[in-house]
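Colleague: The chain contents come next:
Protein chains: 2
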Amino acid sequence: MFHSGGEERGRCYRHNNSLYKMFVKAGDSKKMVDEKIKVIHYGLGPIGVETAKLVLSKKNLQIVGAVDISEDKAGRDLGAVLGLDDTLGIVVTDRAQDLFSSESADIVIHTAGSRIMTIYSQLEEIIGSGINVISSSEELSFPFTANEASAKGLDAAARESGVTVLGTGVNPGFIMDALPLYLTGVCKDVTTVRVERYVDAGTRRLPLQRKVGAGLSPHVFRERVSQKMLGHVGLVESLQFVAHYLGISLDRIEETIDPVVAEQAVKTDYFDLNPGDVLGIKHIAQGFLGTSVIISLDLRMYVGADDPHDAIFIEGNPSISLKVEGGVAGDQATAAILVNSVPGVVAARPGLVTVKDLPAPHFYR
Amino acid sequence: MFHSGGEERGRCYRHNNSLYKMFVKAGDSKKMVDEKIKVIHYGLGPIGVETAKLVLSKKNLQIVGAVDISEDKAGRDLGAVLGLDDTLGIVVTDRAQDLFSSESADIVIHTAGSRIMTIYSQLEEIIGSGINVISSSEELSFPFTANEASAKGLDAAARESGVTVLGTGVNPGFIMDALPLYLTGVCKDVTTVRVERYVDAGTRRLPLQRKVGAGLSPHVFRERVSQKMLGHVGLVESLQFVAHYLGISLDRIEETIDPVVAEQAVKTDYFDLNPGDVLGIKHIAQGFLGTSVIISLDLRMYVGADDPHDAIFIEGNPSISLKVEGGVAGDQATAAILVNSVPGVVAARPGLVTVKDLPAPHFYR
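The listed protein sequences derive, respectively, from chains H and L. Residues in the first sequence are numbered consecutively from 1, following this note's numbering. Residues in the second sequence are numbered consecutively from 1, following this note's numbering.
Since the hints were derived computationally from the structure, they do not count as laboratory data. Even for Gly, the Cβ is constructed at its ideal location relative to N, Cα and C. Among the hints, erroneous ones may be present.
Claimed, not checked - The calculated lysine-lysine pairs, modelled on BS3-like cross-linking and capped at a C-alpha distance of 27 Å, are: (1) H:K282 with L:K323; (2) L:K323 with H:K323; (3) H:K282 with H:K267; (4) L:K211 with L:K53.
To be verified - Residues from chain L shown here face chain H by an in silico Cβ test under 8 Å; the list is partial: (5) C187; (6) V190; (7) R194; (8) K228; (9) G231; (10) V233; (11) G247; (12) N317; (13) S321; (14) V328; (15) A329; (16) P359; (17) P361; (18) F363.
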């Protein structure tokens, strides 16, 4: 079509085994659009598996490889690891670099860790191999403050290799940062931003129920918080994202992580919780100017949460009050936004970018 | 900053009196960012006035000219036309081409018409002068179907001149098209999209109350509908936008425009409405695949509307049900999104684009 969209305008050309991004003229773009984007999956945990299954359903995407270091996955056919009836003819490998050297991929979908510290060398390897990367790493969604040195390193490496690096997901990446920011697009002024995300952890998979501390005693919960073993990774990044793009230099950020405790017995598929047991987590991040809270992100994930929802309140001109009934489901939505963001990342300028730098992702067939 | 955002990455260079867009290296962008974007306002009706006032409040924008053909505005100082206490030293002109030739502007904010037919020559003049343009024209938001020939002409001219052309606003441009599309970004599948926008026209300015038919008899209302003098311009464009980017080839579109009739007496600042009088409009556009409604846009703007709101319902995986209490206010929001979209348009690739092609706009100081 002559009104080439975001995903059509900048494409990747392989040249001397590294990728060069360039803008193509409208007339050239058709052929490129018909070519499939070649995907490597890095990390086949629950999100990685969901993501890979979704990629299989997309006409414009093609899986050309998969990496996982765990013994029960490496060496097996990807189809088996995904729980499919059929094999895919793609053997999961634990040797990422070998795969990157032998397979010409356009993008790695990386779902192998939250903390930049633990994934930095993986990202370096991907970038150094001249492959774009989109990661579910929460810290990577806005790494420019809390992980400034790493962000600079990744940005320089990505520019050098001519590839794009993006961290995204549903939270961070959408509901508590990008969507509120987008809503301010219709505002003449913005005074405060408040976001609530209340999730009923009882409806979620076991690792998530564990992650929010369900079943712990309040004492052990607090201990784990102090050891930084509990708490939603990325909440502060979301807050910094919103503040940065609204042009607000916060005086300080306050973060509190508290247990939500059962008042009566509660049962999930995995836990029998008694009064006094921890149901989950209440994690709040607030950005201040002086004594005023300018941005507030309130995340509650606990078993049996009443009225689960996402809500965004923007005070300004006009003010906006928005509620998503039931909230945007976590794992499915994260897999979706990773896959839906692929064309935008492949088309984007080289460097470490945020979701704000790219056209907003959307579902495509 | 080293993580240069959308508005920083592609800037305009004036060269031989036409604009060349190019991508700048990170190191070069700082100086460019500090330069103000030079704005010309084209059309000083209610939206144009709101927009110009907002531009005056922005640090990164500078008004360098204003065009309006009406006798009560042309020749006067812009400050007076905006109702300000101070003059601005900018005389509103009715000679657009002279202004474009004498003033080096980066972008024209065009708020002088809804229909492409009536503004085509204005847009041609702006584009031919090598200036980017962002317009509140509803038809321009997605002109590729209903105004295909015009769209091709504008796209070719814009590419030739190296400028970007965008149509946007709150509706179309945001609440019934871009926002629903963005929400699908967290969906693994999308079956149907339904949007409601119920506006209490009684709270809006007189021209809007007139525009929705308030005070007419149902007979006259239907007559005006048949003469295409009533109905929300852009509703079908919004529907085509959503269908296009979701990759849905609709079998047909059905559009209905009906009066909402008073059951009891209603009073606004401008009208005394009796039972049987028209309160406003119910305008519905539906996109079908076979006999199934896949996309439904339901716009009701009438005096005394109960529970005014915007709502978006996406059926899919996950499904999303979102409500904006009170709805996003029209005129203020339209002025805001025009101004908030300016940096993205200046930075974008040349050609006729849609809001889908650019990073989502957001409020900035």
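Colleague: Check each numbered hint from earlier against the structure, then list the numbers of those it violates in ascending order.
Modeller: 7, 8, 9, 10
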